[in-house]
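K.L.:
Residue numbers (our numbering), protein chains in the order written: chain A, 50 to 297; chain B, -5 to 643; chain C, 35 to 278.
Calculated directly from the structure, the hints in this document are not laboratory data.
Hints may be right or wrong, so weigh each one.
Keeping only pairs whose Cα atoms sit at most 27 Å apart, straight-line, the calculated DSSO-like set for lysine-lysine is [unchecked claim]:
| # | chain 1 | residue 1 | chain 2 | residue 2 |
| --- | --- | --- | --- | --- |
| 1 | A | Lys195 | B | Lys378 |
| 2 | A | Lys195 | B | Lys374 |
| 3 | C | Lys251 | A | Lys51 |
| 4 | B | Lys11 | B | Lys38 |
| 5 | C | Lys157 | A | Lys286 |
| 6 | B | Lys11 | B | Lys29 |
| 7 | C | Lys251 | A | Lys286 |
| 8 | B | Lys530 | B | Lys561 |
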Amino acid sequence: MKLTLRVWRQRGADAPGHMASYEVDGISEDMSFLEMLDTLNEDLILRGEDPVAFDHDCREGICGACSLVINGDAHGPERTTTCQLHMRSFADGDTIDVEPWRAAAFPVVKDLVVDRGAFDRIIQAGGYITAPTGSAPEAHATAVPKADADFAFEHAECIGCGACVAACPNGSAMLFTSAKVNHLNVLPQGSPERETRVLDMVARMDEEGFGGCTLTGECATACPKGIPLPSIAAMNKEWLRAVRKGPR
Amino acid sequence: MSSYAHHTTGEPIADTKAPEGPIADRWDRRRFEAKLVNPANRRKHTVIVVGTGLAGGSAGATLAEQGYHVVQFCFSDSPRRAHSIAAQGGINAAKNYRNDGDSVHRLFYDTVKGGDFRARESNVHRLAQISVEIIDQCVAQGVPFAREYGGLLDTRSFGGVQVSRTFYARGQTGQQLLLGAYQALSRQIAAGNVEMHARTEMLDLIVVDGVARGIVARDLITGELSTHYADAVVLASGGYGNVFYLSTNAMNSNATAVWRAHRRGAWFANPCFTQIHPTCIPRTGDHQSKLTLMSESLRNDGRIWVPRAKGDTRPAADIPEAERDYYLERIYPSFGNLVPRDIASRAAKNVCDEGRGVGPGGQGVYLDFADAIRRMGRDKVAEKYGNLFEMYERITAENPYEVPMRIYPAVHYTMGGLWVDYDLQTTVPGLFAIGEANFSDHGANRLGASALMQGLADGYFVLPSTINDYLARHPHRDTVDDAHPEAQAVVGETRERLEKLLAVDGDRTPDSFHREIGELMWEYCGMARSEQGLRKALDRIPQIREEFWRRIKVPGTGDEFNQSLEKANRIVDYLELAELMCLDALHRSESCGGHFREESQTPDGEAARRDEAFAYAAAWEFTATGTAPVLHKEDLVFEYVHPTQRSYA
Amino acid sequence: MALATRTRTSAPSHGPHGPQGSRSPSFWRSTIGKKTVMAVSGLIMLGYLVVHMLGNLKIFFGADEFNGYAHWLRTLGSPFLHYEWALWLVRVLLLAAVVAHAVSAYQLSRLDIKARPVKYVHKRRRASYATRTMRWGGIILGLFIVWHLLDLTTLTVNERAWAGHPYENVLATFSTWYGNTIYIVAMAALGLHVRHGFWSAAQTLGAGSARRERTLKAFANGLAVVLFAGFVSVPVAVMTGMVN
Chain A
50 MKLTLRVWRQ
60 RGADAPGHMA
70 SYEVDGISED
80 MSFLEMLDTL
90 NEDLILRGED
100 PVAFDHDCRE
110 GICGACSLVI
120 NGDAHGPERT
130 TTCQLHMRSF
140 ADGDTIDVEP
150 WRAAAFPVVK
160 DLVVDRGAFD
170 RIIQAGGYIT
180 APTGSAPEAH
190 ATAVPKADAD
200 FAFEHAECIG
210 CGACVAACPN
220 GSAMLFTSAK
230 VNHLNVLPQG
240 SPERETRVLD
250 MVARMDEEGF
260 GGCTLTGECA
270 TACPKGIPLP
280 SIAAMNKEWL
290 RAVRKGPR
Chain B
-5 MSSYAHHTTG
5 EPIADTKAPE
15 GPIADRWDRR
25 RFEAKLVNPA
35 NRRKHTVIVV
45 GTGLAGGSAG
55 ATLAEQGYHV
65 VQFCFSDSPR
75 RAHSIAAQGG
85 INAAKNYRND
95 GDSVHRLFYD
105 TVKGGDFRAR
115 ESNVHRLAQI
125 SVEIIDQCVA
135 QGVPFAREYG
145 GLLDTRSFGG
155 VQVSRTFYAR
165 GQTGQQLLLG
175 AYQALSRQIA
185 AGNVEMHART
195 EMLDLIVVDG
205 VARGIVARDL
215 ITGELSTHYA
225 DAVVLASGGY
235 GNVFYLSTNA
245 MNSNATAVWR
255 AHRRGAWFAN
265 PCFTQIHPTC
275 IPRTGDHQSK
285 LTLMSESLRN
295 DGRIWVPRAK
305 GDTRPAADIP
315 EAERDYYLER
325 IYPSFGNLVP
335 RDIASRAAKN
345 VCDEGRGVGP
355 GGQGVYLDFA
365 DAIRRMGRDK
375 VAEKYGNLFE
385 MYERITAENP
395 YEVPMRIYPA
405 VHYTMGGLWV
415 DYDLQTTVPG
425 LFAIGEANFS
435 DHGANRLGAS
445 ALMQGLADGY
455 FVLPSTINDY
465 LARHPHRDTV
475 DDAHPEAQAV
485 VGETRERLEK
495 LLAVDGDRTP
505 DSFHREIGEL
515 MWEYCGMARS
525 EQGLRKALDR
535 IPQIREEFWR
545 RIKVPGTGDE
555 FNQSLEKANR
565 IVDYLELAEL
575 MCLDALHRSE
585 SCGGHFREES
595 QTPDGEAARR
605 DEAFAYAAAW
615 EFTATGTAPV
625 LHKEDLVFEY
635 VHPTQRSYA
Chain C
35 MALATRTRTS
45 APSHGPHGPQ
55 GSRSPSFWRS
65 TIGKKTVMAV
75 SGLIMLGYLV
85 VHMLGNLKIF
95 FGADEFNGYA
105 HWLRTLGSPF
115 LHYEWALWLV
125 RVLLLAAVVA
135 HAVSAYQLSR
145 LDIKARPVKY
155 VHKRRRASYA
165 TRTMRWGGII
175 LGLFIVWHLL
185 DLTTLTVNER
195 AWAGHPYENV
205 LATFSTWYGN
215 TIYIVAMAAL
225 GLHVRHGFWS
235 AAQTLGAGSA
245 RRERTLKAFA
255 NGLAVVLFAG
265 FVSVPVAVMT
275 GMVN
């Protein structure tokens, strides 16, 4: 396959950026999208040019590092992570636009790499259960109904990639935040901090400069792990409940 | 012949920290005998933790909870991305919830035996004891383990063990355990007890008067080199499987932290013990950047075969039954497709070497579900393996319900690592190694679902107890800073190395060297090793190293975000570590676990262990780059589990 | 090449909030709080619109019934309430709802636009038309309300204004081409706005769940269609001469 890539190039956080055009040839349809970029970078290095910087690590769809907007879609046309997107989803001769996640809370570091530290800070605000090592009771002391355990798991699957924010026209982090709130709030272990958790995480989310939710549903469509849109309604309910009751 | 192979043997080494007495009491005794640090004094102690995977994340959180000041590093943009996240299967624990005869002693026994009798008994027993507490801890943190309808935890059996002791969270157990540790760590970061440095990579260790006192790290965004000082340094930087270029490890997993520590005096134990996992998706071409594991559970219902004839390129469906070789069922009639990982891997390599492999390049064997679909029905197969089939189809564009899967072995885990005593302290006082970074508890082969157990045992429970003893005995009242000549020397060397990488301006990319060393290692230090092959590799490695420093091309500068520079700097260390791995494999002229020496086989082609000569852990002491290291042997004594030869025929 | 060297002292860097320092944020400062205000005020207006639409349909029963209904609205609650008090109470409540709705919408929109300062070069739209037009639709509705009040409440812009005779005034409005155009366009905007707005409000107030999603969406669509059809039936009837 022969392709034309138009890639966002930006030397550093404060540098101006632009879309640069590159031709890549000899692309196999079995390559992953990132392997295609590897090929481009090998060429660029040998030509003495600066290779394209992009985040990636596990390349099996679970670490959440990869983060490309491909032809306007976070993680590209398939519902998966960029690393699990293969070139057979494209046709010979295609022009492909590759851009970084765009959100005020995710400033560009270089080229296609952004800073997602805001997500860590949302978790730090309350996305945990206080259980210092050694203090745990016997695991079977509290049974968790299977439905609750499954609900928790469904939300715990979030990989923190940020595709939800990238896809949202408002740069909102509601889906990410709600996934963690719902995972922990439904469990009996998480209930003592149920109110403070949602209040603090939402407050932190707002402070980080993410936009509000207008229920466009783009986030859930882009989510490679299928965190469902009603997750947001469930968090709203938790938040309103916490506001009513006040932090315990 | 390279002079590197002429290693000398030095003083034997012994673990002096494990107490005497009945094995079941040793951990209690050690905890009692270890000195404690007064809680009020703990915040005056700083501990550096490198890495945020299961071991590092849990250790950082726990040490901070205890009151220590923790300074932690990861090269990813967030501590949550460490490669522990990719573990699929589960975590073992001797809970005996099934009432199926499991016990701490049985888990201990299975692990020592599974490791082919090359692990230290007291460590393994402690691991089995702690396994029980890990599950309690993780459940309290909200890890959503699979549950049954009654609301209690579900377990499954795994990896040829006869009891059901593996706890799991669908196929994402590693992710859920890691997020538990990450969340505990996040709580401590918010509390100000952990100073987290993301996108910061450790490049060297600062040793002052023989004691580990700090590290040199590079901010990957600005390129700035920084020094960090502490009372103890903990390496939780993972394994070194990426020496092989293609492995199931994450792209950025690397050996720099452990290798730099090795160069500064920490001995490296059993570097040749690598685990090759039999069920990975084969490579599709030269562009391949990494390999993806398919869960081992597929072997429960899939049948493994290759064509009988060499170079048979017909599609699988056109090959009649009589012309297929179900080689595992043929060679191992009693275990069939369920032989242990190392045996399945080697058998696949053998048939491919005979020219009977399938798929592009002949590097693959079929894992066929046609019989299972006939027997159980397609729906039942989909229910059991649907998500794996989907994953396979996404990567290969082949539908495994219609055509057999193709699989091939791939490097997965490294049992070797920095030598540590019972306290998990390396041979450099004040330097600790936990998780996959140490040589620890798995001997020559790791059982499925035991890596997560070990990482969390080390991080949550072992290190936080044993490090107290060190800190209580070594109250560093003198402060080391950048003015210290040792610190200046280490920073100077680091800077020099980076500058040199940038200055060569040759004509080969970092990846091209990485691929070359990886292919060499896979060929000669992979699934089967021979004296001749290892000697060839030992001759070749110094040549590659020389060429590297002549022809490497790293674009850009050192004071910016430069992924090529990061890569090249890691390859510098692979080029030295590879040599030690080959030497270790060469000197250990027995076969054991993941280490198969062609010269040491039973008459029917199975691994032959030689306990009389090799019942020891090999700890290597660094001398100089390209110069023979010194071997120190730690004799392994088996008081509770008697070594036997494995047989699966 | 110059590589700067930096020394980090191990001073603990405390997070912005203590470990247990739970802040009870002001309701209004939170994006969810603002959205709640929007949802509640929107639902109040929506309730009013349903009643308003039903009242409008009285036009099909002739001038007397319609004008009588208008008069009854002013004497509602009498004798407990003075003439037009009930109406004014409703007007005050509605004004508060409009202001709250508009202010929260304005503030949220500003936050949203600020949160995505750089747009993608490769444009791609997937959200529904109703979703994408919430802001513009809201502005159109705001302008419409002003015109509507000037036209039929204060009669400022009504060409044949006749105080106390709403039936005749309505006929006057819908006998002009621009009156019909403005009205029908605004009602279309209303339908779209309600379609996404009702569903969105339900999510904001936490009523959404995977199970109820279809029901809520169907209800929102039904409500939008009923409101549009009910309101637009009046100008259509006037235009076609059914009402004269």
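K.L.:
Now, for every hint given, state plainly whether the structure supports it.
P.N.:
Evaluation of the provided hints:
{"no.": "1", "hint": "Lys195/A to Lys378/B", "result": "19 Å, holds"}
{"no.": "2", "hint": "Lys195/A to Lys374/B", "result": "22 Å, holds"}
{"no.": "3", "hint": "Lys251/C to Lys51/A", "result": "44 Å, violated"}
{"no.": "4", "hint": "Lys11/B to Lys38/B", "result": "26 Å, holds"}
{"no.": "5", "hint": "Lys157/C to Lys286/A", "result": "33 Å, violated"}
{"no.": "6", "hint": "Lys11/B to Lys29/B", "result": "13 Å, holds"}
{"no.": "7", "hint": "Lys251/C to Lys286/A", "result": "18 Å, holds"}
{"no.": "8", "hint": "Lys530/B to Lys561/B", "result": "26 Å, holds"}
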